[in-house]
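What follows is the residue order along each chain.
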Amino acid sequence: MSTDEPADGSFGQYGGQYVPEVLMPAIEELEDAYRRYVLDNEDGFMDEFRERLADFGGRPIPLQRADRLSERYDTEVYLKREDLLHGGAHKLNNALGQVLLAKYMGKERIIAETGAGQHGTATAMAAAHLDMPCEIYMGETDIARQRPNVFRMRINGAEVNPVTVGRGTLKEAISETMRDWATNVEDTHYVIGSIVGPHPFPSMVRDFQSVISEEAREQIREKAGRLPDSVVACAGGGSNTMGAFAHFVSDTDVDLLAVEAGGSSLTVDEAEGVAPNSASLSTGNEGVLHGARTKLLQDSDGQIMESHSVSAGLDYSGVGPELAHLVDEGRVTPVNVGDDAALEAFHRLSQDEGIIPALETAHAFGYLEEHPEEVGDLTIVNVSGRGDKDLETVIEETAKRDLDVAPDMSVFEQVGAGRLGSRGDRE
Amino acid sequence: MSTDEPADGSFGQYGGQYVPEVLMPAIEELEDAYRRYVLDNEDGFMDEFRERLADFGGRPIPLQRADRLSERYDTEVYLKREDLLHGGAHKLNNALGQVLLAKYMGKERIIAETGAGQHGTATAMAAAHLDMPCEIYMGETDIARQRPNVFRMRINGAEVNPVTVGRGTLKEAISETMRDWATNVEDTHYVIGSIVGPHPFPSMVRDFQSVISEEAREQIREKAGRLPDSVVACAGGGSNTMGAFAHFVSDTDVDLLAVEAGGSSLTVDEAEGVAPNSASLSTGNEGVLHGARTKLLQDSDGQIMESHSVSAGLDYSGVGPELAHLVDEGRVTPVNVGDDAALEAFHRLSQDEGIIPALETAHAFGYLEEHPEEVGDLTIVNVSGRGDKDLETVIEETAKRDLDVAPDMSVFEQVGAGRLGSRGDRE
Amino acid sequence: MSLDAVFDSEEPAFVPYLAAGDPSYEASLEYVEALERGGADVIELGLPFSEPIAEGSTIQSAIVRALKAGMTPERYFEFVEEVDVDVPIVCMTYYNLIFQYGGSEGGPRKFVERAADVGIEGFVVVDLPAEEADPLREACDEFGLDLIFIVAPTTTDDRLESMRERVSGYVYVQARTGVTGAREDVSDQTAQTLDRISDWDVPKAVGFGIKTGEHAERIVRAGADGVIVGSALVDIVAEGHEGDEPVAETAEKLEAKARELKTGALRGVGAAVESE
Amino acid sequence: MSLDAVFDSEEPAFVPYLAAGDPSYEASLEYVEALERGGADVIELGLPFSEPIAEGSTIQSAIVRALKAGMTPERYFEFVEEVDVDVPIVCMTYYNLIFQYGGSEGGPRKFVERAADVGIEGFVVVDLPAEEADPLREACDEFGLDLIFIVAPTTTDDRLESMRERVSGYVYVQARTGVTGAREDVSDQTAQTLDRISDWDVPKAVGFGIKTGEHAERIVRAGADGVIVGSALVDIVAEGHEGDEPVAETAEKLEAKARELKTGALRGVGAAVESE
Ligand SMILES: Cc1ncc(COP(=O)(O)O)c(C=O)c1O
Ligand SMILES: Cc1ncc(COP(=O)(O)O)c(C=O)c1O
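Protein chains in written order, with numbering that gives the first Met the number 0: chain A, 0 to 426; chain B, 0 to 426; chain C, 0 to 275; chain D, 0 to 275.
By construction, these hints were calculated from the structure, which means they are not laboratory data.
No incorrect hints appear here.
What follows is a list of derived Cβ distance ranges for each label pair: (1) C:Asp140 with A:Glu328: 29 to 39 Å; (2) A:Pro371 with B:Glu328: 54 to 64 Å; (3) D:Glu112 with B:Ser264: 31 to 41 Å; (4) A:Asp39 with B:Leu226: 32 to 42 Å; (5) A:Glu47 with B:Ala398: 34 to 44 Å; (6) B:Gly329 with A:Glu217: 45 to 55 Å.
Computed, partial: chain C to chain A, Cβ under 10 Å: (7) Ser49; (8) Pro51; (9) Glu54; (10) Ser56; (11) Ser60; (12) Pro72; (13) Tyr94; (14) Ile97; (15) Phe98; (16) Leu127; (17) Ala129; (18) Phe148; (19) Ile149; (20) Val150; (21) Thr154; (22) Gln173.
So these bits of chain A aren't anywhere near chain B, every CB distance computed over 12 Å: (23) Pro5; (24) Pro24; (25) Leu38; (26) Met104; (27) Val248; (28) Asp252; (29) Asp254; (30) Ser263; (31) Val267; (32) Gly272; (33) Glu285; (34) Arg330; (35) Pro371.
Bear in mind that the values here come from a model prediction, so they are computed numbers and not experimental data.
Each residue gets a CB set at the ideal place from its N, CA and C atoms; glycine is no exception.
The shape of chain A in the complex, shown without the other chains:
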């Protein structure tokens, strides 16, 4: 927990509380609750949070040496295995923290936005666990293309509210959730899914996620006897990123590498309002979105551009204000990896280490492949989530490309297409 940052939630010029007036009381109430429960552990909030993260979430999460990658890159590669967290991604650290906080605050209803559905499922799980009614806003386009996660939310008892405005994706879902919050501030808590949004969300979400680096820092000292030369994490909004970085920020010898989605290109199409990437740290510029001042993908008028990434969870036009600040300070290095390299890294990790990563996570490994010389002799890569949710996308996107490491899926064609010779014959 950082208690030494400005109370107004600013990170350099970034951060702040750019929200409609009607939300300000909720924000202030949340600030107060954040200070009391999270920072000061009032009523033993943090103890309960830690205990539930352990028993329900499965923490501590191992730090695993990756034997094959270490050999491949001739450097010690350690994996922080957030893919093993309940729900399959780091998202639960935050969702569980916020839903528990809402409970301490006496709220009676949970709302959240979701794009790929990862934050939505984590929130639905946490809400079910803590017996809180839960509604998730999700763009209709996303609902159609993320069926399994919609199932999971519904199965966990959450309502899924389709957002039919605009393109029907994450941006619209966030706006819609804010709107719900604005009309139901009194009994409702809005669980934001990354280190974005108005203060205190960026600080609070980071604090909930910082258990990643708290554990990893201790584990690497135990396993390797020293701190790493670098920590590598993918960055969408940046919650797994700051979670993995937080406890290393003051270790100035540890390089912190935030890997953004390079998408298909870093060049934007202003006319269409589309950036074919989600590299807001690398290519965006300052602006105000969803309650915070931060780096954004926007056109020269200040209209927000659609972002793009093969990975739905990185597909966001903004980024956490704290990361924007740490990048400006030179403490965090923003890098990016394109769709193709991320897909290759997905296959490589699956084949070489027996870990199917989320497509988001695969970007971090894509960086390792492209720039092994940048990570030093000992690196920790944050495996922010598992890839089960991405199987259909990966198969589809892989089939479109000519990748070096892709498995072929012809087994489905063989089936029913006549008999395959058996290998053994007794007589």
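Once you've looked at the hints, dock chains B, C and D with the ligands against the given chain A.
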């Protein structure tokens, strides 16, 4: 590890090695390796196994108190969260153990059978992790209905060999894998997926899985200050079952409840050769299948009957010989839960505890719902796996039934079917 | 005319909102002019932002239409120059557009300068609470523009204070927070809020969910100096657009609706006087 | 005729395999009889089991066809009674069918009794290693039947010993373990195995992958007392079935193939003698 059981692998009259002669050398070699590496920890095998289970698999796995279920059943319910193991089920405990053993034995190739794909994916993951070529036999019917798991195996670099004989399901896949083994005994290890097959598999798989009860026994004493009154686990072949029971077998005050799939009915259709259940412990009788004498679903001629369960992982006509023996001894109580009750339990656990269980696992919770009075004041339920793999099946099967606790999935119809009113309006 | 001048009159002000450029630049000009004919005293003219987090679906859709038809900040300024109305225009938008107009130097000054140039009288910035507003306030002071803040029923006393220090032109009183469809009598919540800020020396205009002359009357009766109406007017634009109505016909409907609202507001004064 | 009597002759024995009831009870009767006409000395008659874990796909399919056509242990016994052949019939099956025939008391005795009744001379139980075979051995002794074991190239010396103690009739020598398609010269592995059991006092019949008269010849030359052939014959049944051939035509082909194999085997003796 039990070192005090007969060296010939018999459990009372059950067990044995009913295999084609050509396999006997491999079986003997394996027996020898089992004794040396697993029982005697030669070359530190067990140390390496434990370490990899921890770092790669995520052990220890928490024992979580289930607050809502405890309240509902007015009994202390604890959950052993094997769903959090890498891969999403207890299966990896065994797969990792056997692939590692194969490596110690100098084998160069891994084969395995799979039905629902859970054991296949676990084996593929373990093989990728340990850099062993891996081929999985899977019936063509199963390939078609378990696409995501086929993807996962292929993505982890395993070959998936379709088995086109017969109905193209698990039984045929086992036979086909045995056949492969028979022709490639020298360099190949066959990773059997449950506590079935010829000795030493039932003992060995149990030993690898017994980490479940080893941890749980310690955890419950720490959390509840005493041993449980009962342990409840679903039983297909019975590997999660014996894994959860093993360290409690000598605690004779602890009831051990093996929950089989009652399917749609316990009555069989001899003429069709079909049992509409998989309750071999409760309704089967002694016979020889896949290398072992055990309880089976068979017709009066001794032909094996097709089993049935809504849960693919329980859908097997046999069961581990050790369980058959413990049932005859009165140490394990065989019970069963039908498809409907399992589906309801699936939804209940998802909604009440925020844990989406595997359909296999749901049977254990179905028993809790139907007979809460049978589990005493303190029970441990083994959550053998997570339910992500079962989403499509659950949706489909739920839609066919009139269940009390099912979520409706109309959100998919709403999407694109016109605009939903937003809840807030600023002006 | 300045905002001060408007509210100096005894009459309650009628403050309609439309999104500039909805559903097209040309039609929108007609519609805004129709509002004036219908009795508008101030026009809140929306500059569409791609992420309108504070709007209901009605206005959100208006913004989507306007953006699709090519509205940009630059076009907006041209619109304000071109539109033929005498009443003051207040620019209602989101902060990023103001901020971004500053180019590489950033900050709101350039935007305000240009707004002053085209004759805009003030701003409502939906996502800019008083605490974050100092740079904009300074620029407004420099160019003589007003900065309006929104007061919600839930706004705390502390926060009222920071708004009071910074507000000018009028204060926008949000009538309620409730969920659509579950609205209690609007005038009660409104009256309470008005009461809390009764000693402020800026006029108080009330908006949020006002749809009819009847509503407007009650709002004024509750003590408002002005009545802000958005969705009820945007609905008319939307219907006209969807029904392929001639622009003139839609404009007439807007004018009529404006007149109804204005008349209602005027009745409120009478009634307030009467009921005393 | 007993198995002993068959192998007492100087000639190498030709031991063909077919699954009883494949593809139908009636056709199968014809096919088995054709084998005898073609020169069979012993017939290994498969009793189909639903889980034939040790069969290649060819025989597996035969078993599926036979089961589908209604073959059961009881029908099998009727088949043996009805089939018009003089050579000894060996029942080749899996242990569960034998075990289960015992009914609630379990165990193999009843099955063996019934087999003896219908004139079966012996058993090959594919999944019953010598170590598990004592109950069956006892029953066979009681009713005077033979129990044949399979020796594989990989069988260890220890295990050879336990088979030797229990085997009677003949020993089934599995020619190789290799993967289909990658077969080395079959006679080398076979010769080695035959060498290891040369002092056993039961005849040695060799099977696994023998398809032609040419193969049979080489096997006999390597020292075998008999030649077991399954898949090559089952293939003919399968083709006949798939091609809707008249039963008589398929039977003729079987007979011809049997003759080819038998002749090959006979050549082997000559050759063995010649080469000495
Ligand atoms: C597995 C995984 N990693 C990373 C992300 C990106 O989010 P963040 O940058 O906040 O960690 C997501 C978002 O859905 C995710 O699911
Ligand atoms: C989650 C889960 N539980 C249980 C089983 C049943 O196997 P066993 O009885 O060997 O534990 C399976 C098999 O696939 C499974 O996937």
